[in-house]
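Model the placement of chain B on the given structure of chain A, informed by the hints.
Residue numbers (this note's numbering), protein chains in the order written: chain A, 1 to 314; chain B, 1 to 249.
No lab work stands behind these hints, which were simulated from the structure alone. Keep in mind that this is a model prediction, so the values were computed, not measured. C-beta: ideal position from N, C-alpha, C; glycine also. Take these hints with a grain of salt, some might be off.
To spell it out: a stretch of chain B is covered by chain A in this simulated footprint if at least three of its residues, at any positions, have a beta carbon under 8 Å from a beta carbon of chain A; those stretches are [said to hold, decoys possible]:
hint : stretch
1    : 94-102
2    : 131-137
3    : 210-218
The list that follows gives simulated cross-link-like pairs (lysine-lysine, DSS-like), each with its CA atoms no further than 27 Å apart [to be verified]:
hint : chain 1 : residue 1 : chain 2 : residue 2
4    : B       : Lys3      : B       : Lys146
5    : A       : Lys310    : B       : Lys246
6    : B       : Lys229    : A       : Lys199
7    : A       : Lys199    : B       : Lys244
8    : A       : Lys273    : B       : Lys21
9    : B       : Lys244    : A       : Lys214
10   : A       : Lys57     : A       : Lys222
11   : A       : Lys13     : A       : Lys214
12   : B       : Lys146    : A       : Lys3
13   : B       : Lys229    : A       : Lys273
14   : B       : Lys220    : A       : Lys273
15   : B       : Lys245    : A       : Lys273
16   : B       : Lys146    : A       : Lys185
17   : A       : Lys199    : B       : Lys234
18   : B       : Lys3      : A       : Lys283
19   : B       : Lys188    : A       : Lys273
20   : B       : Lys246    : A       : Lys273
21   : A       : Lys310    : B       : Lys244
22   : B       : Lys217    : A       : Lys185
23   : A       : Lys109    : B       : Lys217
24   : B       : Lys245    : A       : Lys310
25   : A       : Lys199    : A       : Lys145
26   : A       : Lys222    : B       : Lys234
27   : B       : Lys188    : B       : Lys146
28   : B       : Lys33     : B       : Lys220
29   : B       : Lys217    : B       : Lys108
30   : A       : Lys214    : B       : Lys234
31   : A       : Lys199    : B       : Lys246
32   : B       : Lys234    : A       : Lys283
33   : B       : Lys146    : A       : Lys310
34   : B       : Lys217    : A       : Lys145
35   : A       : Lys214    : A       : Lys273
36   : B       : Lys194    : B       : Lys51
Looking from chain A toward chain B, a few residues come up when the C-beta cut is under 10 Å (computed) [claimed, not checked]:
hint : residue
37   : Ser170
38   : Val292
39   : Leu311
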Amino acid sequence: MHKILIVGEHDGKTLNPATAKCVTCARSVADAEISIALLGADTAAVAAQAAALASVKSVLRIDREENAHPLAATFAPQLAALAADFSHLLGPSTSFGKDLMPRVAALLKVPQVSDLMAVEGAYRFRRPIYAGNAIVTVEADPARKLVATVRVASFEAAGGGGSASIESKSLGIALPSHTRYVGAKSGSTDRPDLQTASKVVSGGRALGSAENFKLLFSFADKIGAAVGASRAAVDAGYAPNEMQVGQTGKIIAPEMYIAVGISGAIQHLTGIKDARTIVAINKDGEAPIFEVADVGLVGDLFQVMPELQKLVGT
Amino acid sequence: MQKIMVCIKRVVDYNVRVRVKPDGSGVMLDGVKMSVNPFDEIALEEALRIKERVGGVEVLAVSIGVADTQQQLRTALAMGADRALLVQSDAAVEPLTAAQTFLAVAQKEQPDLVFLGKQAIDDDANQTGQMLAAMWDRPQATYASKVQIEGAKAQVTREVDAGLETIEVDLPAVITVDLRLNEPRYVKLPDIMKAKKKPLDVTTLDALGVSAGQLIKIVKTDPPPLRQKGVMVKDVAELFAVLKKKGLL
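Excised from the complex, chain B in its bound form:
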């Protein structure tokens, strides 16, 4: 185990209540707090824990996005990544393009493991890790809740609908992480200072030979349908009566 690559996305902070623009052209992003996608934070934390356990491992954080994405990569460096790479793109990048971009980086960097969050909380697509694994022709272990490295293999416990499933994959492999894999560390001030001196390279999709075409056209964005205002009942007897009347109990 020598190198772990972690893919990170800059997204609207998960505490922000996203609103749709009145003209339906998208969601309001002006002045909204941006953060590292929470699942990607868990991915990075896992990489750092492996680095701390195994030793001699380099952790590389990679992101695709606007110039300001450097902020999120600095956060990754402050958490403990050794270096960072921003593939700068002003246009939003679809999962397939993101996977092609990470593939180009992986082929150059030859990591033993690539960690990503299982999904980004903006587009909720849940695709990039699987697509990267397919194009890289390597194993994928999605929705990881436990990762054990044993030499050139990894045992990964996955959160699936029926409960937990364990698979074994040969390295290099792509692992996408779920919520309960770990609890990401808090960044301390000295780490933020240290992170400023760590290398953060910037490249472009062009330089990596990736074209950023829009393959799925977004026609319009609507707010979700509103639910009818409900009724408040005063006690259990009334609750029971209302549900009984609806034929639900």
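The following block holds chain A by itself, in its conformation from the complex:
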């Protein structure tokens, strides 16, 4: 049997959907027993959500004041201690998991496999390299603990209906104080979350200004979509960093991705390859985005978008 511990991501109130995707990844390992670890100041609410995920056997709560903010320096030693009872340790390939998991792996003196996109065996996986231009099949040593991050765009979220046990654990280990949380700034919005939205409308440099992005926001609100941006648009200051889609931004897998004025650099394409339907709207018919688009329209976005919005409205 493989005992898999998933590091749950949450904000104290809500379990991040990335956790349910990690559960699906873990379920594709044959003969797996799945647990979820939750670190926080008070994880009661999120523990109930985690316990309801299908196929999860137990939820481990590690509540202490120092866990109020997810700092890798303080979380990692606690997870390394918890890992003693497990063969596998999985975390999501989100900024939370990418920051944390390698620190845990190093404390355990084991390598990490990043961005699992498919499970071929308990120690055999597929993962992308070179911005997704190649896929490697890798094998880790079964004699060691396996630490990995899960490419969340590659897995559906596990359903509900589960009834895992919830256990509060006290690890009693000293934590470093050399790393301190100061604050956070997020452009919170009422729009769907970019990483989990079923529809995403994304803008590139051709938008020309932050003001013009309103064109996309207005259309997105009409169809219930999240809004993303290319690196070029973020670099130009048209959109904040949390909207960036691509190799170094967010990797997403919506039902529909509408790329507006995005040329389609390989670094961007790697972030959208798992979208079910890719729609491209671009003035340049030679733009590489059309090579991956399911539906393409050559045209001026400043004419196309208002016209499309009008049609949707009727």
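Only chain B this time, still in chain A's reference frame:
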């Protein structure tokens, strides 16, 4: 602040479209343009800006790789690093081994800060900085978009999924950098000439007491699955009709 160490990786240039070898044994690297990993360039630029602001700071560029990696270290010296160290290894080095190697160098050099790119654009692993920080038992500040040094502390703003997060770390610390931290300078010809006279030492993993075992076996390399060829529509009305038919609008 006396010394900053910057870790640099030689990678396939980011403009090259990488292709998989037909026999699945890896990607084609023969004759391909190699460069400094773009994130590491940003890391070096930040170190140089701190050096210019604070003064009296030595910037050391360190890399692990084949003998030709000296080219990338010369680029680092031309950008403004004071000296360079190549840990020569013909075999590819995994992130855990890279972190062990940088740890050995850090213990010897005792830098106040170690800068790295947040990930290398070849293996996209995003591990080395965090692993180094763990083994060094020092703070880590990953995905930095702003770095402020205040005495023996640094305030680092990080790019996270929800937006921006600021943390404070005691020095020495490991900082991995994101895209928007700065824009690396262009190297000028006189700087390239000057860089030829700067010290570039070469050592080996053995000499540092690091073993280069392969812990994760790469079984095969495949090209990514191709997407079905799409359709081009002629106008907005047709676009709307197609998406409507697919149930997407």
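If you draw a straight line from the CA of B/Lys33 to the CA of B/Lys220, is it 27 Å or shorter?
holds (23 Å)
Does B/Lys146 pair with A/Lys3 here, judged by a C-alpha cut-off of 27 Å?
violated (40 Å)
What's the verdict on A/Lys199 and A/Lys145, does the C-alpha distance respect the 27 Å limit or exceed it?
violated (38 Å)
Within 27 Å, alpha carbon to alpha carbon, are A/Lys199 and B/Lys234?
holds (23 Å)
Restraint check for A/Lys199 with B/Lys244, where alpha carbons must lie at most 27 Å apart:
Satisfied, since the Cα-Cα distance of roughly 14 Å is no more than 27 Å.
Given the hint that B/Lys229 pairs with A/Lys199, does the C-alpha gap stay at or below 27 Å?
holds (21 Å)
Check whether the Cα positions of B/Lys217 and B/Lys108 lie no farther apart than 27 Å.
At roughly 31 Å apart (the allowed maximum being 27 Å), B/Lys108 and B/Lys217 break the hint.
Has the given pair, B/Lys3 with A/Lys283, been kept, meaning a C-alpha gap of at most 27 Å?
violated (50 Å)
Please work out if B/Lys3 and B/Lys146 have their alpha carbons no farther apart than 27 Å.
holds (19 Å)
For A/Lys214 and B/Lys234, compute the direct alpha-carbon distance and say whether it is at most 27 Å.
holds (25 Å)
Given hint A/Lys273 paired with B/Lys188 - CA-CA distance at most 27 Å
violated (39 Å)
Would the pair B/Lys246 and A/Lys273 pass a check requiring their Cα atoms to be no farther apart than 27 Å?
Since the Cα atoms of B/Lys246 and A/Lys273 sit roughly 19 Å apart, the hinted pair holds (cutoff 27 Å).
Violated hints, in rising order: 10, 11, 12, 18, 19, 22, 25, 29, 33 and 37; the structure is consistent with all others.
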